[in-house]
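Q: Given next are the chains, with one letter for each unit.
2 protein chains.
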Amino acid sequence: MEIRKAADADKTAVWKIIKEVIASGDTYVFEPETPQAEMLDYWFSPEKFNYVAVNGDDVVGAFWLKANQPGLGSHVGNAAYIVSSAAKGKGVGRRMAEYSLDEARRLGFESMQFNFVVKSNDVAVNLWKSVGFEVIGEIPDAFRHRTNGMTNAYIMYRKL
Amino acid sequence: MEIRKAADADKTAVWKIIKEVIASGDTYVFEPETPQAEMLDYWFSPEKFNYVAVNGDDVVGAFWLKANQPGLGSHVGNAAYIVSSAAKGKGVGRRMAEYSLDEARRLGFESMQFNFVVKSNDVAVNLWKSVGFEVIGEIPDAFRHRTNGMTNAYIMYRKL
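Chains as they are written, first to last, in this note's numbering: chain A, 1 to 160; chain B, 1 to 160.
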């Protein structure tokens with residue numbers, strides 16, 4: 001598996017993964033019905049640094065990095081990650097997590113903040129804790145989980 | 001003092017207040033040098049509901065409301081507020097705060113979240129606490145305060 005900068009040619013493969021991820025309505029805020037164009041405009045918006053994890057010709061995961069705030073708050077980074085269903089449980093998320101923290105340092109970020117980690121998303125919460133993130137806040141009833149209803153979200157943070 | 005929806009004709013007056021507010025670099029993340037066009041594009045971006053507080057012909061304050069997250073998180077509102085230096089200490093902030101909470105309810109939001117209240121901004125922190133907000137998280141070194149250096153930011157929240 002290799003991680004590299006995303007190219008325009010990766011967009012269709014990234015959309016396929018996004019579509020899978022949002023279909024379940026249990027981890028990401030985007031409605032399962034969000035159209036491809038809207039989703040790709042968001043995922044590849046100009047202020048983001050975009051990466052993909054590839055296995056041969058297959059895109060198995062993707063993530064982006066950006067500043068969490070403009071101006072006087074721009075030293076804190078933010079990121080989002082997706083893994084294809086076929087590649088789940090194979091360490092793709094962890095590889096992207098570690099790579100992205102190094103890359104965030106390289107880009108000059110001093111810390112990383114996740115604004116919205118669904119509390120019941122154990123895989124994500126445990127992954128982030130295992131690479132040094134702490135829960136610094138909890139938003140009550142932040143997420144309309146498709147099967148469990150109103151669910152809290154964590155705000156997670158670590159210094160770089 | 002009256003609060004009403006903002007019109008295109010209010011933009012120049014709103015910019016004057018934003019410019020004053022960001023000049024000090026002690027409460028808002030925007031660089032004091034942020035250009036007018038960039039700032040107004042942000043303040044009046046299409047997903048926002050914009051309001052102004054007026055005293056006769058003078059715009060003395062402004063605020064906006066929007067969803068803090070898309071899709072499955074869109075029931076949580078978010079907002080930002082500015083008061084002109086000439087109108088400070090005259091209850092404009094409190095009037096806008098109370099009005100905005102009613103308006104957020106009317107728009108269907110179930111709660112309100114502020115993602116970035118500079119911890120040393122006592123006027124704001126105390127105002128929000130006095131109208132029912134709680135600190136639900138604290139971001140270490142989130143803000144490069146122009147005079148005090150690295151400063152924490154609060155995440156504040158209340159149900160509506």
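Calculated directly from the structure, the hints in this document are not laboratory data. Hints may contain errors.
Copies of the same chain are indistinguishable here, so a pair counts whether it falls within one copy or spans any two.
[Claimed, not checked] Below, a list of computed lysine to any residue pairs in the SDA-like style, where the Cα atoms sit at most 20 Å apart:
#	residue 1	residue 2
1	Lys119	Arg158
2	Lys119	Pro70
3	Lys119	Gly71
4	Lys119	Thr34
5	Lys66	Met1
6	Lys159	Glu138
7	Lys159	His145
8	Lys90	Ser111
9	Lys66	Phe49
10	Lys119	His75
11	Lys129	Met1
12	Lys16	Glu33
13	Lys90	Asp41
14	Lys11	Thr147
The structure displayed is predicted, hence computed values, not measured ones.
Q: Hint by hint, say whether it matches the structure.
A: Cross-check of the supplied hints:
In the homo-oligomer, the alpha carbons of Lys119 and Arg158 lie at most 20 Å apart both inside one protomer (17 Å) and across protomers (19 Å), since each shortest distance falls under that limit. For the homomeric pair Lys119 and Pro70, the shortest alpha-carbon distance between copies (18 Å) is at most 20 Å, but the shortest distance inside one copy (27 Å) is not. Taking the closest pair of Cα atoms, Lys119 and Gly71 come within 20 Å of each other only across two copies (17 Å); inside a single copy the shortest separation is 30 Å, beyond that limit. In this homomeric assembly, Lys119 and Thr34 never come within 20 Å of each other (Cα to Cα): the closest approach is 22 Å inside a single copy and 36 Å across copies.
When the C-alpha separation of Lys66 and Met1 is checked against a cutoff of 20 Å, the pair qualifies neither within a copy, at 23 Å, nor between copies, at 40 Å. In this homomeric assembly, Lys159 and Glu138 come within 20 Å of each other (Cα to Cα) both inside a single copy, at 19 Å, and across copies, at 14 Å. Proximity of Lys159 to His145 under the C-alpha cut-off of 20 Å is restricted to the inter-copy arrangement: shortest distance 18 Å between copies versus 30 Å within a copy. When the C-alpha separation of Lys90 and Ser111 is checked against a cutoff of 20 Å, the pair qualifies neither within a copy, at 27 Å, nor between copies, at 38 Å.
In this assembly of identical chains, the alpha carbons of Lys66 and Phe49 lie at most 20 Å apart only when taken from the same copy (6 Å versus 26 Å across copies). In this assembly of identical chains, Lys119 and His75 lie within 20 Å of each other by CA distance solely across copies; the values are 17 Å between and 26 Å within a copy. Within a single copy, Lys129 and Met1 get their C-alpha atoms no closer than 23 Å, and across copies no closer than 50 Å, so neither meets the 20 Å cut-off. In this assembly of identical chains, the alpha carbons of Lys16 and Glu33 lie at most 20 Å apart only when taken from the same copy (13 Å versus 41 Å across copies).
For a Cα distance limit of 20 Å, the shortest separation of Lys90 from Asp41 qualifies neither inside one copy, at 28 Å, nor across copies, at 43 Å. In this homomeric assembly, Lys11 and Thr147 never come within 20 Å of each other (Cα to Cα): the closest approach is 29 Å inside a single copy and 44 Å across copies.
Hints 4, 5, 8, 11, 13 and 14 from the list above are not met by this structure, while the remaining hints are.
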